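Listed in order, the protein sequences are those of chains A and B. Residues 1 to 251 (the working numbering) are what the first sequence spells out, left to right. Residues 1 to 171 (the working numbering) are what the second sequence spells out, left to right.
Calculated from the structure, these hints are not laboratory results. It should be emphasised that the depicted structure is a prediction, and the values quoted were computed from it without experimental measurement. Ideal placement from N, C-alpha and C gives every residue a C-beta, glycine not left out. Hints are not guaranteed to be accurate.
Here are the simulated distance ranges between beta carbons [to be verified]:
#: 1; chain 1: A; residue 1: Ser138; chain 2: B; residue 2: Gly101; range: 28 to 36 Å
#: 2; chain 1: A; residue 1: Gln29; chain 2: B; residue 2: Glu36; range: 54 to 62 Å
#: 3; chain 1: A; residue 1: Thr182; chain 2: B; residue 2: Val128; range: 16 to 24 Å
Here are some chain B residues pointing at chain A (derived, C-beta under 10 Å) [what the hints assert, rightly or not]:
#: 4; residue: Gly42
#: 5; residue: Lys43
#: 6; residue: Asn59
#: 7; residue: Tyr121
#: 8; residue: Ala122
#: 9; residue: Arg129
#: 10; residue: Ser138
#: 11; residue: Arg145
#: 12; residue: Ile152
#: 13; residue: Gln156
#: 14; residue: Gln157
#: 15; residue: Leu158
#: 16; residue: Gln161
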Amino acid sequence: METIYQLTVSPDFTPEHISGWYIYNTWLQRNLGLHFHLEMYDSFDAQREAIRQDAVDLIYANPYDASMLVREKGFRAVVHPMGVADECVVAVPVESAVQRVEDLQPNARVASTDDPDIHLVGMIMLEPADLNANNVQSIVVDGYVLVAKALLKGSADVGFFLKDAWDGLSNTVRKQLRPLVTSQISDIQHVLLVGPRLMDSAEDIQNLMLRMPQIEKGSGVLESLGFEGWAEVNQEDTEFMIDLMDTLKAR
Amino acid sequence: MMLRDMQPAAVAGEFREYHINLYGFGARKVLVTDEEVPYPDGKLIVSRTDTRGIITHCNQSFVEMSGHSREALIGAEHSILRHPDMPGVAFKSLWDDIEAGRIWHGYVKNLRGDGKFYWVYATVIPNVRDGRVVGYTSVRRKPSRTKIRESIALYQQLKAQEGSHWDGPEA
Ligand SMILES: Cc1cc2nc3c(=O)[nH]c(=O)nc-3n(C[C@H](O)[C@H](O)[C@H](O)COP(=O)(O)O)c2cc1C
């Protein structure tokens with residue numbers, strides 16, 4: 001019987017790119033000659049549970065989970081997308097008295113999604129105000145539009161946005177908000193990782209991704225994912241990113 | 001590479017001169033001013049060293065904040081940033097921790113190539129590859145003013161206890 005591998009995508013995908021991932025899955029199978037099933041988990045917890053049970057073979061992963069995938073589950077990162085960045089915008093309502101991060105006070109209500117790297121980077125950007133998980137009220141909502149809503153409604157004092165999601169907010173919404181600070185980290189990014197059962201194909205997958213813009217329909221698929229292309233990631237690049245994430249997670 | 005003495009031409013404004021004694025490398029003359037350079041918002045300042053503390057990699061924010069060129073940094077001892085106001089015990093605890101495989105956190109006042117200083121909150125971890133420590137990574141972020149004030153007081157106290165093994169103005 002033919003093996004069916006599982007492909008999955010970090011649940012922080014932007015809604016307009018969902019169909020892109022289905023198109024990618026079809027394209028991948030055709031060009032790799034392997035059978036994949038695309039599973040879209042609706043939460044990071046559900047996806048981590050699947051990883052724990054060794055159900056996942058190929059994953060477009062959030063940098064926060066890369067450590068567990070590589071060091072505990074034997075995954076290998078092969079490429080990262082170009083033209084997208086895991087940067088975080090920290091914003092307040094436009095009429096807020098808060099002019100700088102340092103003006104925020106203990107017990108501030110912080111709206112964010114369950115996107116773990118954006119939450120982590122956002123909390124780090126609140127540290128100059130002596131804020132941490134123990135002295136803020138964390139409000140976790142289901143998407144970045146809802147983070148904006150919480151700020152507009154006045155149910156949150158400050159919100160964390162993925163930069164791309166911030167840029168994607170409508171002008172009317174964005175005009176009612178004001179960014180305090182935007183991260184400029186660039187060393188932290190999503191990566192495509194190959195799991196142990198698929199390891200024999202890791203090089204083929206890497207080569208295919210790198211050649212994607214030149215292969216039939218490849219550039220259209222990239223466009224539907226919102227990527228400019230893929231760039232190679234070697235073992236040391238991955239280890240470095242994991243070390244960096246580990247310093248940020250440590251407290 | 002031996003760290004060179006700082007030259008007055010590189011420093012803007014009035015400065016004080018110290019002769020600091022660096023572990024394993026001997027004396028270095030540093031020139032220090034009272035001007036603080038603010039931590040760049042939203043950025044991480046990242047560097048990596050080999051197991052002896054020689055800088056092997058650094059990001060652009062590290063280069064910009066250090067006031068040195070990338071060429072001068074790569075291959076230099078990390079103590080190129082050592083500020084005479086930092087107590088030696090802070091770095092002893094850093095090395096004790098990372099050599100034992102533990103993470104170290106701390107507030108650090110760093111010296112720039114132009115004699116100015118900047119404060120960071122640093123986290124240093126051992127880089128483990130195939131079960132071996134091959135070097136260390138330090139990631140710095142912006143500290144709060146409260147923590148900086150506390151650190152200034154603490155470090156003054158620690159320096160006073162250490163006695164002055166610096167040949168500087170207060171010596
Ligand atoms: C990864 C890493 C990063 C370091 N970063 C700094 C730094 O930013 N500033 C500093 O003064 N020392 C830093 N140190 C410590 C120096 O190696 C050195 O111990 C310190 O400057 C004191 O000098 P000494 O040990 O020669 O007395 C770092 C060490 C490591 C391993």
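Exercise for the section: Enumerate the violated hints, using their earlier numbering and listing them in ascending order. Expected result: As far as the earlier hints go, 3, 12, 13, 14, 15, 16 are violated by this structure, in ascending order.
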